Amino acid sequence: MAQLPHQPNRRPVANKKINPEENQNLKGTLVAVFTVGFIIIAMWVSVYSLFLSRV
Amino acid sequence: MNSVVKSPKDSKLSMSYLTVGFIAVFIGAICGLLQGLVRGGVIELPSFINYYQLLTAHGVLLALVFTTYFIYGLLFAGVSKTMGALSDKARSIGWIGFWVMTIGTICSTIMIILGEASVLYTFYAPLKAHPLYYIGLALVVVGSWIGGAAMLMHYSGWRKKNSGKLSPLFGYMTTATIILWIVCTIGVAISVLFQFIPWSFGWADRINVLLSRTLFWYFGHPLVYFWLLPAYIIWYVCIPKIIGGKVFSDSLARLSFVLFILFSIPVGFHHQLTESGIPEGWKFLQVVLTFMVITPSLMTAFSLFATFETTGREKGARGLFGWLKKLPYNDVRFFAPFMGMLFFIPGGAGGIVNASHQMNTVIHNTLWVVGHFHITVGTPVVLTFFGVTYWLVPYLTGRKLTPALNRAGMIQTILWSVGMFFMSTAMHILGLFGAPRRTAYSTYQDNPTALEWFHGFFAHYTTVALGGTILFIAAMMMVYLFFHLAFFAPKAENDIEATEFPIGEVAEHAYTTPRILENWKVWIGIVVVLILIAYTIPVTDMITHAPAGSPPIRTW
Amino acid sequence: MHFHRYEKYWLIFGLCTLVVFLTIVGVNAFSGGHQPPTGMMTLDPTKVDQTPPFDQPGLKKVDDNTYEANLIAMAFGYNPSKIEVPVGAKVIFNVTSKDVVHSFTIPGTNVNMMITPGHVNTSEFSFDKPGSYLVLCNEYCGSGHHMMQMTIEVK
Numbered sequence: 001m002a003q004l005p006h007q008p009n010r011r012p013v014a015n016k017k018i019n020p021e022e023n024q025n026l027k028g029t030l031v032a033v034f035t036v037g038f039i040i041i042a043m044w045v046s047v048y049s050l051f052l053s054r055v
Numbered sequence: 001m002n003s004v005v006k007s008p009k010d011s012k013l014s015m016s017y018l019t020v021g022f023i024a025v026f027i028g029a030i031c032g033l034l035q036g037l038v039r040g041g042v043i044e045l046p047s048f049i050n051y052y053q054l055l056t057a058h059g060v061l062l063a064l065v066f067t068t069y070f071i072y073g074l075l076f077a078g079v080s081k082t083m084g085a086l087s088d089k090a091r092s093i094g095w096i097g098f099w100v101m102t103i104g105t106i107c108s109t110i111m112i113i114l115g116e117a118s119v120l121y122t123f124y125a126p127l128k129a130h131p132l133y134y135i136g137l138a139l140v141v142v143g144s145w146i147g148g149a150a151m152l153m154h155y156s157g158w159r160k161k162n163s164g165k166l167s168p169l170f171g172y173m174t175t176a177t178i179i180l181w182i183v184c185t186i187g188v189a190i191s192v193l194f195q196f197i198p199w200s201f202g203w204a205d206r207i208n209v210l211l212s213r214t215l216f217w218y219f220g221h222p223l224v225y226f227w228l229l230p231a232y233i234i235w236y237v238c239i240p241k242i243i244g245g246k247v248f249s250d251s252l253a254r255l256s257f258v259l260f261i262l263f264s265i266p267v268g269f270h271h272q273l274t275e276s277g278i279p280e281g282w283k284f285l286q287v288v289l290t291f292m293v294i295t296p297s298l299m300t301a302f303s304l305f306a307t308f309e310t311t312g313r314e315k316g317a318r319g320l321f322g323w324l325k326k327l328p329y330n331d332v333r334f335f336a337p338f339m340g341m342l343f344f345i346p347g348g349a350g351g352i353v354n355a356s357h358q359m360n361t362v363i364h365n366t367l368w369v370v371g372h373f374h375i376t377v378g379t380p381v382v383l384t385f386f387g388v389t390y391w392l393v394p395y396l397t398g399r400k401l402t403p404a405l406n407r408a409g410m411i412q413t414i415l416w417s418v419g420m421f422f423m424s425t426a427m428h429i430l431g432l433f434g435a436p437r438r439t440a441y442s443t444y445q446d447n448p449t450a451l452e453w454f455h456g457f458f459a460h461y462t463t464v465a466l467g468g469t470i471l472f473i474a475a476m477m478m479v480y481l482f483f484h485l486a487f488f489a490p491k492a493e494n495d496i497e498a499t500e501f502p503i504g505e506v507a508e509h510a511y512t513t514p515r516i517l518e519n520w521k522v523w524i525g526i527v528v529v530l531i532l533i534a535y536t537i538p539v540t541d542m543i544t545h546a547p548a549g550s551p552p553i554r555t556w
Numbered sequence: 001m002h003f004h005r006y007e008k009y010w011l012i013f014g015l016c017t018l019v020v021f022l023t024i025v026g027v028n029a030f031s032g033g034h035q036p037p038t039g040m041m042t043l044d045p046t047k048v049d050q051t052p053p054f055d056q057p058g059l060k061k062v063d064d065n066t067y068e069a070n071l072i073a074m075a076f077g078y079n080p081s082k083i084e085v086p087v088g089a090k091v092i093f094n095v096t097s098k099d100v101v102h103s104f105t106i107p108g109t110n111v112n113m114m115i116t117p118g119h120v121n122t123s124e125f126s127f128d129k130p131g132s133y134l135v136l137c138n139e140y141c142g143s144g145h146h147m148m149q150m151t152i153e154v155k
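Chains as they are written, first to last, in the UniProt record's numbering: chain A, 1 to 55; chain B, 1 to 556; chain C, 1 to 155.
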């Protein structure tokens, strides 16, 4: 991808070759997405209970 | 490779789209403030303004005009950046699209101001507005097709010149967004051209109400994805660069956009779940398809967290959540979209509730829905667009986002988030208690049920007004900052100072992208089949078993 | 196309959750009979007053504990504007519109349906608690939309 010659906001990024998967630690991501999942479930279950209570 | 020199002619086109967008924010936000204050019982409107006129203006100017203009300004800038300057022909077509849209917008806005079109942006028949309102909206859609055609031309030109190469992610996603937009706007265009315009002129006596609503919602749900996808482009392509990381996976990003094309359209019935004339089985089928469109958002959530985590870890973060501390929260280009992402968690969860078939009766047309779209389009999308404005405008105008402007942007973002937190939370709770949406101040003759909506803190209309007031301040600040960045921010003297259009690079370990993802014929073919499956039988029924239609009525 | 192992876990979990949601609402709707309101009857919206049962709008007893309420929505009210039902009665609401789109909504209950002209929409509710129930319109219908209401007295 072509870039502007100089970029003031660019931060240095480690340029070492990474092996896919093994060196990619995504444990935090896993916990984070499951947290999102539980928020979805909590919200859905509460409104479904409200629906049932009004039947 | 591609042109690295910014095209000033393309920048002018983008800036024109953005400018109209922010003028719409200015007027639309004033309407929003007044609505909130009226609803909360804080003020009363003078007799020459109708509450529903404000509501129409707020919806049309913010949900239709601001979004579409901003998106086109952004996408034109992005395709020019990633695939080179537009050809003169494509740029001229972009300008024609701009003017057609703008004539349409002015036409509809005048009708709203004159009080000839207080029918809201959903223009449900048989409320009849002035024909010029519908013609104006039709021009907005046609203009967007013309502008979209310019971007598609540019994309196909790039592919011809670079045959065998993978297109830039930004250009690919833009193409997906425009395809989605064209396929879905066909529904509303048919309805406006063949139903509303002849009927509003009196050439047709009656209108098929259910068919008009169905065509509207065939368009109305993918419309929200037309808003969301450009925000996702920013999240996938620009945010990694801003935080100093890489695009997590090019192929999964493309796959998620393909899934949006496939599943965001045959789902309109989930807006009509409590409506007569559509059999339950067809409603449920579209509920299932609606749930399918959640998948690409689940993928996006993973991808974003993964981008944050890998970037944080490369910067030395440790532990399960150490990477969260490595994010540049004091950079408004990141902070504004990031706040938007946080709001999208309850926003998306609420969307699943809304689409859940019979559960829809709990929230349908209550204030919950208003809260819902303010924390989906109104925050994740809008804060992302605001975050983009802070770099896109100085990029286009050759100016600098100074530290002071960055700080102003941070304050603006915080105000928007706080205002939205109060307003949307109150709206969601009031909605669960049954408070209606799209309704002026009313205690229903001091009915005890309605008076409950003025008690407590979060279950209180005044909290809606409070949040709305904070949002108004944030919106005015944003409009000011837009014009400041466009005309008054210091000029960048050289390339080093120039504001960057952040385009993320793909991580080195990422796998190659399958070619099928770029085979649009396949995806358009599949979506057409899905649309035919979801709509053919129920729509045929609506036409063949239609009751006598409705004559035009004006009730305002 | 490559998915990270954790992304597979997440997508499988997410999709299973969605399948569970769909199964719950599907079973509740199609076997439990709790469908969203879906009236299939049609009529000429300009001849509502002449079309039975709306030529005599109001409450009608069907059997011991079941009533039918045939109501007309219009800008900006309902006809009749008040009905009385005994405690514990099950009421089937059949509502149509004489003019524009309205809704028939009883806050605090699952009765919340769109009333489109030309169609009759249907919903039912058992009034187990006495009191006065507010009915309102939550679909914009014109300048008096926020006044549109009726009451159901449950005694």
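Check the hints yourself; a few may be wrong.
[As the list claims (entries may be wrong)] Heads up, simulated BS3-like pairs for lysine-lysine below, C-alpha to C-alpha not over 30 Å straight-line:
(1) K90/C / K155/C
(2) K521/B / K155/C
(3) K9/B / K27/A
(4) K315/B / K8/C
(5) K315/B / K161/B
(6) K325/B / K27/A
[Claimed, not checked] Restraint ranges, calculated between C-beta atoms of paired labels, are given here:
(7) V55/A / P328/B: 23 to 33 Å
(8) V87/C / S49/A: 22 to 32 Å
(9) V55/A / D541/B: 25 to 35 Å
(10) G131/C / I39/A: 49 to 59 Å
(11) W99/B / S53/A: 15 to 25 Å
(12) K61/C / V528/B: 29 to 39 Å
(13) K521/B / L59/C: 24 to 34 Å
(14) V87/C / L193/B: 24 to 34 Å
(15) S53/A / V528/B: 34 to 44 Å
(16) P198/B / R5/C: 50 to 60 Å
(17) R318/B / K8/C: 20 to 30 Å
(18) G77/C / V528/B: 37 to 47 Å
(19) S53/A / G41/B: 57 to 67 Å
[Stated by the list, open to error] To give an idea of the chain B side of the interface with chain A (calculated C-beta under 10 Å), a few residues:
(20) A189
(21) I190
(22) V288
(23) M292
(24) I294
(25) A301
(26) G322
(27) G348
(28) N519
(29) W520
(30) W523
(31) G525
(32) I526
Hints are computed from structural coordinates only; laboratory data are not their basis.
Please read these numbers as outputs of a predicted model, since none were measured by experiment.
Glycine included, every Cβ here is placed at the ideal spot set by N, Cα and C.
Run the structure past the numbered hints and jot down the numbers of the failing ones, going up. Going through the list in order, the structure violates hints 2, 3, 5, 7, 10, 11, 12, 13, 14, 19, 20, 21, 22, 23, 28, 29, 30, 31, 32 and respects the others.
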